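Taken in sequence, the protein lines are chains Y and P. Under this note's numbering, think of the first position of the first sequence as 1, with each following residue one higher. Under this note's numbering, think of the first position of the second sequence as 262, with each following residue one higher.
Treat the hints as calculated values from the structure; they're not laboratory data. Check each hint, because a few of them may be wrong.
[Said to hold, decoys possible] Cβ-to-Cβ under 7 Å is the rule here; a few derived chain P residues that face chain Y:
1) R695
2) F710
3) D713
Note that this is a predicted model, so its numbers are computed, not measured. Built from N, CA and C at the ideal position, the CB exists for glycine as well.
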Amino acid sequence: MNNKNILLEVRNLSAEVAGIEILKGINLVVKVGEVHALMGPNGSGKSTFAKVLAGHIDYTVTGGEVLYQGKNLLEMAPEERSRAGVFLAFQYPIEIPGVSNSAFLRLAYNTLQAARGREELDPLEFDDFIREKIKLVEMDPSFLDRSVNQGFSGGEKKRNEIVQMAVLEPKLAVLDETDSGLDIDALKVVANGVNHLIRPDNAIILVTHYQRLLNYIVPDYVHVIEGGQIVKTGGKELALELEKRGYDWVRAEFDAARAAA
Amino acid sequence: MSAMLETLVNQPYKHGFVTPIEEDVIPKGLSEGVIRVISKKKNEPEWMLEFRLNAYRHWLTMHEPCWANVRYPKIDFQEIIYYAAPKPKKKLSSMDEVDPELLRTFEKLGVPLHEQKALAGVAVDIVFDSVSVTTTYKKKLAELGIVFCSFSEAVQEHPELVKKYLGSVVPPTDNFFASLNSAVFTDGSFCYIPKGTKCPMDLSTYFRINTQDSGQFERTLIIAEEGASVSYLEGCTAPKFDTNQLHAAVVELIALDNAEIKYSTVQNWYAGDENGVGGIYNFVTKRGLCKGVNSKISWTQVETGSAITWKYPSCVLLGDNSIGEFYSVALTNHMQQADTGTKMTHIGKNTRSRIISKGISAGRANNSYRGQVKIGPRAQNARNYSQCDSMLLGSSCSANTFPYIDVQNNTGKVEHEASTSKIGEDQLFYFAQRGIGAEAAVSMIINGFCKDVFNQLPMEFAVEATKLLGLKLEGSVG
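If we strip away everything but chain Y, and leave its shape as in the complex, we get (with noise of 0.2 Å):
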């Protein structure tokens, strides 16, 4: 693979939340095409790493650099890395009272058009280009008229933002424990949405506890994050092996691995 399949690159990335350090010197590659899922216990820094690529205000960047298609990904706001092709799926999607869901969707399809130079859709055209898309995680429409995440179960919030992932079509997904709340079969339905969203073209990151997600979209690449660093990394039987071992192994590798250095 050349450069130009480079969609991400993360070079000693480190951040801090509140004055305390979470992340501590994250690198990583991700090339279109690719999904990479990246693991590890709480507290370990996998959301922090999410909500730094999205450009949450909270976060700040303390060092090191992260390239998205070749430019400072840390340079553009948060609607900017949207538009694009960054996408975060939340783990706790935000309730938007008053604002309709089909409305949100439609002026962020529409924003992300315009700013493609592209066609917006008005209401009627958006409202069939819509009711195919939430197809592809079985939502009921009449979600569509209900206000953005209220009153949502969590499953259904989740199925909610595979929809805005589907109608936004990012280039790089970041999925931050989608998997987390769900039962088997909703996990089926999500985990099926996402697979049809994968191309050639894009690349997911899934942050996950959990190895059960894997099993319905296998990755290419399994990570190991743990004191904001990332510490493993391997296929995706690595992931099976964690489910057996737990966590602490891979620490205690990593370190007695430095020590030596």
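Start from chain Y and add chain P according to the hints.
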């Protein structure tokens, strides 16, 4: 809260210009003499002067109310100009003779006065400082027996109607500012819809304060006879001055059997600057009387301007089965203060009322909803539903709800719901992550919040109101 939200609210006031026009002004101050001068200038009959003088004498015995949740220095009523009118070159017989400077002013405000250019289907009465300048579509309406004219003209042309209804809903002794208005009011709009007539177009009055240190005291009287219906709109702006101006209006609505009046306001008086210097004191008494059976009065207001708003458009539900409604959006920003709401007084049987109030507070503003629902002893099966929602932008503003509920009949049913929400950084981040910038996001959230009220506005007004809220909040995020 973020600098992002703080800056969204910094939109300059675009109606803040002064029209250079020669005005007929009487000196500052208030006395019986001043009232006689006003009455004489308007060539009023003796009973009108008596009405004013009685109100004035009563007012002298009254104290300025201090129960509202607003703070302002004491008003010196001797420092106010009670009459200011653009000098007409001669008596007007057609629009072409209106001072071009005035025409330009209103065109700049987006209110074209030429009928051929006017908003299709809206008749407009224009009040500039103390007098009505012109009324459009008067002739067309007269063919249907509808009277729509300035208040001064009504006193001359329809004295029997004015005499019968003036002060019948808001008596001259009602409250401090209503009494003051009754003593010194200078003009306003009058409309009368005869029996069984549906007014074919929206009627509208546009109020403009131009003179510094002048007060605006207008009076609006709307009568819908049996089976009549009308939709009335009111808009207001004023130039930017660094002094405060007093606006103390009185609006009276009377709906007889089966009549319906819908009254909509978009209030955008100058609000003062971000430090609270200047701006209008908007102390207004608005009340509708559902006098007949099955009558209905509906108030819709979008209050975005004024340094201080003190206003409670109310309904007295006298006729059996009558309906009162109040839909309100009140936006306060910077140092603005609003204490606004409604009173629903149920007297007749099976009367119903509905209150939907949406308060939005930004900057260091203070926004209070104050509402009273009263169900009298004879009001069998009266119903009320109230919903009061507040939204906060930033962390330096405040919102309050003061509901008063008084039920004297055990068949009455009163519901009250209230909520407070805040546009959070997390919501804005969520929008941003979907490519939507902060201003579009806030506008979408606010419009969603106000939807139930905007749906009540006539189409053009709804569009106007949506734009206005957007402008008012522009720059407070971003």
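Hints and how they fare:
no.	hint	verdict
1	R695	holds, 4 Å
2	F710	holds, 5 Å
3	D713	violated, 9 Å
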